[in-house]
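There are 2 protein chains.
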Amino acid sequence: MKRVKLTVAYDGTAYSGWQLQPHARTIEGELNRCLCELLSEEIQVIGASRTDSGVHALCNVAVFDTETRIPAEKISYALNQRLPEDIRIQHSCEVSADFHPRRCDSRKTYEYRILNAAFPVPTRRLYAHFTYAPLDVERMREAAAVLVGEHDFKSFCSAASAVESTVRRILDIRIGKDGDEITIQICGTGFLYNMVRIITGTLMEVGRGVYPPERVGEILELRDRTAAGPTAPACGLTLIRYEFL
Amino acid sequence: MKRVKLTVAYDGTAYSGWQLQPHARTIEGELNRCLCELLSEEIQVIGASRTDSGVHALCNVAVFDTETRIPAEKISYALNQRLPEDIRIQHSCEVSADFHPRRCDSRKTYEYRILNAAFPVPTRRLYAHFTYAPLDVERMREAAAVLVGEHDFKSFCSAASAVESTVRRILDIRIGKDGDEITIQICGTGFLYNMVRIITGTLMEVGRGVYPPERVGEILELRDRTAAGPTAPACGLTLIRYEFL
Numbered sequence: 020m021k022r023v024k025l026t027v028a029y030d031g032t033a034y035s036g037w038q039l040q041p042h043a044r045t046i047e048g049e050l051n052r053c054l055c056e057l058l059s060e061e062i063q064v065i066g067a068s069r070t071d072s073g074v075h076a077l078c079n080v081a082v083f084d085t086e087t088r089i090p091a092e093k094i095s096y097a098l099n100q101r102l103p104e105d106i107r108i109q110h111s112c113e114v115s116a117d118f119h120p121r122r123c124d125s126r127k128t129y130e131y132r133i134l135n136a137a138f139p140v141p142t143r144r145l146y147a148h149f150t151y152a153p154l155d156v157e158r159m160r161e162a163a164a165v166l167v168g169e170h171d172f173k174s175f176c177s178a179a180s181a182v183e184s185t186v187r188r189i190l191d192i193r194i195g196k197d198g199d200e201i202t203i204q205i206c207g208t209g210f211l212y213n214m215v216r217i218i219t220g221t222l223m224e225v226g227r228g229v230y231p232p233e234r235v236g237e238i239l240e241l242r243d244r245t246a247a248g249p250t251a252p253a254c255g256l257t258l259i260r261y262e263f264l
Numbered sequence: 020m021k022r023v024k025l026t027v028a029y030d031g032t033a034y035s036g037w038q039l040q041p042h043a044r045t046i047e048g049e050l051n052r053c054l055c056e057l058l059s060e061e062i063q064v065i066g067a068s069r070t071d072s073g074v075h076a077l078c079n080v081a082v083f084d085t086e087t088r089i090p091a092e093k094i095s096y097a098l099n100q101r102l103p104e105d106i107r108i109q110h111s112c113e114v115s116a117d118f119h120p121r122r123c124d125s126r127k128t129y130e131y132r133i134l135n136a137a138f139p140v141p142t143r144r145l146y147a148h149f150t151y152a153p154l155d156v157e158r159m160r161e162a163a164a165v166l167v168g169e170h171d172f173k174s175f176c177s178a179a180s181a182v183e184s185t186v187r188r189i190l191d192i193r194i195g196k197d198g199d200e201i202t203i204q205i206c207g208t209g210f211l212y213n214m215v216r217i218i219t220g221t222l223m224e225v226g227r228g229v230y231p232p233e234r235v236g237e238i239l240e241l242r243d244r245t246a247a248g249p250t251a252p253a254c255g256l257t258l259i260r261y262e263f264l
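Line by line, the protein sequences are chains G and L.
Using this note's numbering, the first residue of the first sequence is number 20, and each one after it goes up by one.
Using this note's numbering, the first residue of the second sequence is number 20, and each one after it goes up by one.
In case anyone wonders, no lab produced these hints; they're calculated from the structure.
Positions of the beta carbon are idealized from the N, C-alpha and C atoms, including for glycine.
Some clues are possibly wrong.
[Claimed, not checked] Listed below are the simulated DMTMM-like cross-link pairs for lysine to aspartate or glutamate, each with C-alpha atoms no more than 20 angstroms apart in a straight line:
hint	chain 1	residue 1	chain 2	residue 2
1	G	LYS93	G	GLU56
2	L	LYS173	L	GLU233
3	G	LYS196	L	ASP197
4	G	LYS196	G	GLU161
5	L	LYS196	G	ASP124
6	G	LYS93	G	GLU104
[To be verified] What follows is a set of in silico ranges between Cβ atoms, one per label pair, in the way DEER data are often shown:
hint	chain 1	residue 1	chain 2	residue 2	range
7	G	LEU190	L	SER72	23 to 33 angstroms
8	L	HIS119	G	LEU190	50 to 60 angstroms
9	L	GLN100	G	PRO41	32 to 42 angstroms
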C-alpha cells in the first residue's frame with residue numbers, strides 16, 4: 020500500500036465543483052472514476068481544496084491509497100490518458116501514509132481576473148469576469164490592505180455556511196492591472212465558503228466608487244454577510260498556488 | 020442607405036470558420052442572422068478575413084449596407100444583445116459606401132500561441148497549442164527571419180488552394196517567450212490559405228531540432244507544400260490586429 024499525491028489542474032466550466040455529488044459531474048468524481056479504471060481498485064481521493072462549481076485550478080491537490088505497482092511518478096501520464104481534456108494531472112509522487120492535504124498547514128493563492136473594458140472579449144469570457152464600469156485600482160488596493168491579517172471574516176462568508184469559527188488569516192492581497200485586465204491575488208492559510216468571491220465583489224464596489232475604501236473595515240466589524248458586496252461570478256476565479264508548510 | 024463597419028471578436032472553437040456554409044455554424048452566418056433579426060432587413064455582411072474553422076479573432080472586420088435609422092455607433096450594443104456569447108462586436112461605425120474590406124490595402128497580424136510544458140493546462144487548451152517537446156526559440160527566430168519580405172510562399176500554402184499568385188509580403192515575425200508560453204506574431208499584407216499555421220508548424224520543427232534553421236530558405240525555394248512542416252492546429256491561432264492603410 021502506498022499513498023500517492025496528485026497535483027490537479029482543471030477548467031471548472033463544465034463541472035459542479037470539486038466535491039463528489041450524486042447526479043452531477045465533479046472533479047472528484049472524474050478522478051475516482053478514472054483511477055478505478057486505471058488501477059482496477061476502488062479509489063476515493065481526498066482533495067485539498069473543494070472548489071465551487073465553475074471555479075478553475077492550476078494546482079489543486081488530491082491523495083489516495085493504492086496497492087498498484089505502477090510507480091507513483093508514472094501515474095500522472097497514465098491517468099491523463101483517461102481523464103477528459105479539461106482535467107490534467109501536473110505531477111504525481113508518493114507521500115508518507117499520514118499525509119492528509121486538509122490537515123496540514125498550507126498556504127493557498129487564488130487569483131480573480133476581471134476584464135474591465137467597453138465590450139466582452141469572447142476568448143477571455145471563460146476565465147475572466149467582464150465589467151464595463153471603470154474600476155479604480157488604487158482605491159481597491161487601499162481597501163484590500165484592511166483585510167490583510169487575522170480577522171473574523173463572517174461578513175465575507177456565504178450565509179449558507181455552517182463553520183465553527185469564521186476567523187481566518189489573509190497573508191497578502193495583490194491587485195495588478197495589465198491593459199484592460201485587473202487581477203486580484205489573495206494568499207491565505209484558509210478560506211471560508213465563497214470568501215474570495217465576496218471579497219472580490221466588495222472590492223469591485225469600492226473600485227466603482229459605490230463604497231469608500233474605509234467601508235471595508237466597517238463591513239468586517241459588522242460580521243454580517245448582507246453588509247458586504249455581491250459574490251463575484253465563479254468563472255473569474257482560479258486556484259493558482261498551493262504550498263504545504 | 021448607409022454602410023456600417025463592424026469590428027468582430029470571436030472564440031472560433033464552436034464554429035466552422037468565418038465563411039457562410041450550408042448546414043454549418045459560421046461567424047458570417049450568425050452575424051447575418053442576428054442583423055436580419057435586429058434590423059428587419061435582409062443583411063449579408065462582407066468579411067475582411069475568412070478565418071478557418073477553430074481560429075479565433077479579436078478584431079475581424081465586416082461591413083454591410085442598411086436602411087436602418089439606428090445610429091451606426093449604437094449597432095454594436097444592440098447586436099451584442101442578440102449574438103451568442105462567443106461572438107462580440109467591439110466597435111461599429113459608418114464608412115463610405117465604397118469601402119470594401121478585402122479591396123483596400125491592409126496589414127493583418129496573427130498570433131500563434133504554443134504552450135511548451137510537461138503537461139497540458141486545461142484553462143489554456145482552447146487558445147494555445149500544447150507541445151511537450153522543448154522548443155529552441157533562438158533557432159526559431161533565426162529561421163523566421165528568412166521568411167520576412169516578399170516571397171513566393173507556395174510551400175507554405177495548403178495544396179487544396181487555387182489562387183493566381185502565391186507571392187505574399189510578410190512585414191514582421193516576432194517570437195516571444197514568457198514562462199512556458201511561446202507566441203509567434205506574424206504581420207503581413209495578405210496571407211495564403213493555412214499559411215500562418217504551416218509557417219508555425221515549420222518553425223516548430225526548427226525549434227525541436229528536426230530542421231536546421233537554414234532549411235526554411237530551401238523550403239521557400241522548392242515551392243512545394245510537402246517540403247514544409249505540418250499545419251499547426253487551429254486553436255492556437257488568433258487574428259489580433261487589422262489595420263487599413
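*Hint check against the structure, violated hint numbers in rising order*: Those not satisfied are hints 5, 7.
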